[in-house]
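*Asks:* Now for the letters of each chain:
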Amino acid sequence: MRTRSLWPYLLIAPTVAGGAFLLLYPLLKAAVISLQHFRMGELIRGGAALVGLENYQELLGGAEFWQVLLRTVVWTAINVALIVALATGVALMLVRLRRGMRLALMSALALAWATPVIAATTIFQWLFQSELGVVNWLLTTLGLDSFDGYTWFANGNATFAVLVILVVWQSVPFAALTLYAGLTTIPAELYESARIDGGTGWQVFWKITVPILRQLFALITALEVIWVAKCFPQIWVLSQGGPGDATTTLPIYAFKVARVLHRYDLGSAVALLTVGILAVALISNLRRMVRS
Amino acid sequence: MKHRLTAAVAALALAAAACGSGASTGTPASSGPVKLAVWIMDGSVTQDLLKTFETRYETAHPKTDLDLQIQAWDGIGERVTAALASTDAPDVIEVGNTQVAQYAASGGVTDLTAKVADLKGEDWLPGLAQPGNIDGKQYGVPWYAANRVVVYNKDLFAKAGIDTPPKTRDEWLNVTEKLNKGGNQGIYLPGQTWYALAGFVWDEGGDLAVQEGGKWRGALDTPQALAGMDFYKRLQALGKGPKEADEANPPQHEVFAQGKTAQIVAVPGIAARVLEVEPKLKGKMGFFPIPGKTADKPGAVFTGGSDLIIPAAAKHQDEAYEVIKELAGEQFQTELAKAMSFVPNRTSLASVLSGDEGTAAMAVGAAVGRATPNTPNWAAVEATSVIKQYMTAVLTGADPATEAKKVSESITTTLNSGS
Amino acid sequence: MRRLTLNAAALAVLLVTIFPVYWMFLTAFKPTRDIQSETPTFWPTAPTLEHFATAVSAPGFWTFWRNSLLVTVVAVLLALVVALLAAFAVARMRWRGRGAFVVMVFAAQMAPWEALLVPVFIIARDTELLDSLAMLTGVYFMITLPFTIVALRGFLAAIPPELEEAAQVDGCSRLVAFRRVVFPLLAPGLMATSLFGFITAWNEFAFVNVLIIKDHDKRTLPVWLSSFRDVFGTDWGATMAAASLFALPALLLFLFLQRRVGTGMTAGAIKG
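One line per chain: the protein sequences are A, B and C, in this order. Mapping of the first sequence onto UniProt numbering: position 97 corresponds to residue 97, and the numbering continues sequentially without gaps. Mapping of the second sequence onto UniProt numbering: position 71 corresponds to residue 71, and the numbering continues sequentially without gaps. Mapping of the third sequence onto UniProt numbering: position 107 corresponds to residue 107, and the numbering continues sequentially without gaps.
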């Protein structure tokens with residue numbers, strides 16, 4: 001029923017208007033700023049001068065941006081791989097559990113998911129405290145004496161690891177619950193016939209489960225890529241991108257450049273490049289999903 | 001408030017319409033008192049003194065309603081910038097003396113040159129007046145200064161049989177080693193107390209950065225600076241100071257208040273904060289100047305402190321100036337110096353501190369007080385905390401020469417980037 | 001045997017999942033001497049409310065808490081209404097530009113919000129919306145809107161259009177048909193989506209620092225909590241109590257919506 005009426009356009013009007021004023025307009029402003037000499041003085045006095053692509057040249061010509069970009073890719077890959085793998089495992093487990101245990105596990109997952117990021121980040125700071133943190137106590141009790149008083153947040157790789165644990169812990173519940181819901185829609189007969197044909201659990205998973213849920217996997221992966229690549233409050237509160245640059249991903253870099261160094265021009269350029277990169281990586285994927 | 005919000009939200013749904021509507025906050029009513037927002041940094045003034053000041057000021061100026069807001073250090077740079085760039089800024093802001101140059105240079109601060117005489121600026125402390133002065137115009141009004149000394153626990157010193165404070169670095173290391181026993185820390189020196197490092201570097205004849213032919217160059221890789229870092233490392237090892245943190249995380253006055261720490265490097269005013277946590281330490285805290293290389297010359301120290309500014313965007317310029325005049329005036333300066341053990345903003349007021357053990361120690365150091373490199377870009381070096389990271393790297397075992405070269409290059413880049 | 005391994009594994013996952021949250025509440029209720037002991041205790045031996053008292057009596061706590069709640073609830077409700085309209089257009093009508101609109105909504109989720117702080121600040125300044133909770137609400141509304149549309153579109157698509165059409169045949173107008181038939185079926189989806197929006201907006205803190213400048217009393221809870229060291233120093237008991245109180249609204253909302261969220265989330269996501 002292709003309506004020629006104005007209704008659909010009226011219905012999306014608030015969304016379009018909100019997006020235009022609060023998203024598109026700032027984005028355009030950021031684009032303009034990225035082409036200007038725009039620092040603290042210009043923010044306060046106004047009157048920024050156009051400098052063309054100078055900021056982009058500075059970014060792309062320096063080594064730092066590429067390091068940060070590489071780190072962001074590694075960060076995203078590690079997290080998304082872990083999230084999808086663990087979530088799949090938990091979802092498969094949920095299907096097989098008896099009712100009581102299943103409800104308990106689902107509630108636990110939902111509880112972790114509903115814990116606000118700032119609260120969760122604060123908890124993790126406390127868990128990984130060097131002197132009285134429970135993680136060091138646990139590792140020392142298990143016989144790993146080198147963790148006695150170990151300072152997690154002094155070492156780049158250790159901080160990176162803590163952040164991965166935090167983000168994975170927060171993200172698995174959503175993905176697992178969604179995949180579990182998907183699994184329950186697969187008719188049991190399909191599995192039975194596969195088993196009769198002599199398929200092992202592993203084969204059944206790859207031959208039946210994955211193809212049927214391909215769309216769902218694609219959606220979850222796409223959403224997680226966006227969320228993990230853009231992840232900001234966890235990193236900022238926990239490590240502020242440090243120690244050194246060990247946990248500086250693109251959003252942290254953009255924020256640091258703009259807010260700490262007052263290089264708003266450079267920060268805007270980073271932001272626009274981030275959008276560009278994400279768009280290239282995902283748009284075709286999204287398009288396909290939206291079409292179907 | 002509810003109504004305004006509902007209205008504004010409705011407007012937002014229609015998006016474009018929201019441009020015109022919205023809340024009209026902060027516009028003064030034509031009658032009633034003028035509300036002045038004053039930003040004071042956390043730790044600058046005790047709550048009691050602030051309260052006293054507010055009551056007294058409002059009694060003397062019935063048309064003014066003072067809103068004294070304590071600002072957390074976390075994220076303060078962004079907030080001050082946003083405030084200066086806004087259309088309705090706070091009326092008075094306290095700004096650290098190493099930060100004031102960049103704000104003044106940005107054009108968002110009111111020029112107070114005409115008021116210098118009225119404020120008796122002829123004998124202002126140079127360490128506070130100079131950073132607030134750009135191209136001969138005075139933007140920052142000196143408020144207070146302080147420099148670091150060694151604060152020690154008298155009980156722990158007595159227990160270790162130490163009756164005279166150390167006078168030279170070697171003595172200091174010996175004494176600290178003696179104190180670092182039986183569950184006590186000889187000194188609690190976090191790995192990132194870079195003001196202390198700066199002092200050691202200056203003692204050796206080095207500097208943080210030097211200006212050569214109009215260009216700045218980071219100088220932490222000179223042999224003198226490396227010697228300063230080496231001393232820091234030896235001293236830091238005589239206690240449990242975290243190598244990856246600065247003195248604010250965790251707050252070192254809380255660590256000291258637990259009574260198992262023999263020494264900390266801090267401004268004498270910290271004694272008041274220690275007592276807030278642990279009143280039993282009253283009378284148990286001693287102070288001595290940071291020891292120098294030889295007994296005849298105390299260690300060089302960084303002169304820290306604050307200036308007061310009026311944002312150009314503040315709506316009540318005249319009233320704001322009246323507040324500054326009071327805060328920088330003799331009566332409040334005397335009270336502040338006594339309550340916080342700070343150095344008052346004018347040299348002629350220095351006598352109010354005589355008889356105070358902490359400030360006596362501070363005065364010795366102040367004679368050889370130094371400042372950070374005098375350029376608006378220095379604030380950016382502090383903001384990126386490259387020096388702190390350099391210190392952590394060296395303390396956790398990295399090669400000092402390599403790390404020093406890296407940090408110096410980074411400082412050079414930051415100082416020479418235009419603003 | 002297999003069942004035993006399965007249950008053991010499930011138990012392990014459950015423990016790992018729940019431990020951090022449990023540890024937060026536990027620490028908040030522990031007396032300070034237990035928190036500072038070398039060997040941790042894993043259950044409350046002498047629960048105390050002192051840390052909650054410290055957290056609650058910290059200056060501004062209730063004001064910040066109330067601001068957060070106000071801003072978040074208004075932003076989420078607004079996003080739900082606006083998203084419902086858009087989702088209906090996308091899921092139930094065919095029109096030129098529909099595909100492009102959906103792609104734009106998906107793409108909007110990629111918006112680099114942290115980097116838009118300065119542009120948003122400038123816009124707020126030029127429209128005199130600094131120091132106003134309305135602007136903050138607007139930004140949170142926009143941050144949550146794209147996901148809300150995507151999710152609601154999924155839920156709507158899961159409801160067969162025939163139901164509405166049948167009602168319309170029976171003489172109901174389209175609006176009445178929607179309200180009587182579709183809306184009840186959509187309720188779980190609305191709730192699940194609102195929970196997501198609530199958590200997102202409840203957490204945000206970067207914008208508060210630049211949009212709320214002079215008016216101290218309009219700050220929100222996350223800003224305060226993210227600088228907890230300035231407030232509580234090394235007092236982890238009070239910090240965890242504050243974090244608990246911060247997490248509470250989201251957790252309560254979740255418990256309240258639990259059953260609906262369970263079914264709702266899935267339907268939405270599958271069709272996503």
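Please note: incorrect hints may appear among the correct ones.
[Said to hold, decoys possible] Straight-line distance between alpha carbons at most 16 Å, and here's what the computed EDC-like set of lysine to aspartate or glutamate pairs gives:
(1) Lys35(B) to Asp217(C)
(2) Lys178(B) to Glu204(B)
(3) Lys315(B) to Asp155(B)
(4) Lys315(B) to Asp215(C)
(5) Lys315(B) to Asp217(C)
Hints are computed from structural coordinates only; laboratory data are not their basis.
*Asks:* Each hint: holds or not?
*Replies:* We went through each hint and held it up to the structure:
1. At roughly 14 Å between alpha-carbon atoms, lysine 35(B) and aspartate 217(C) fall within 16 Å of each other, so this suggested pair holds.
2. In summary, the hint linking lysine 178(B) to glutamate 204(B) is not supported, as the alpha carbons are separated by about 25 Å, beyond the 16 Å threshold.
3. About 53 Å separates the Cα atoms of lysine 315(B) and aspartate 155(B), which puts this hinted pair outside 16 Å; it is violated.
4. With a CA separation close to 14 Å, the supplied pair lysine 315(B) and aspartate 215(C) stays within the 16 Å bound.
5. The suggested pairing of lysine 315(B) with aspartate 217(C) is violated, with an alpha-carbon distance near 19 Å, which exceeds 16 Å.
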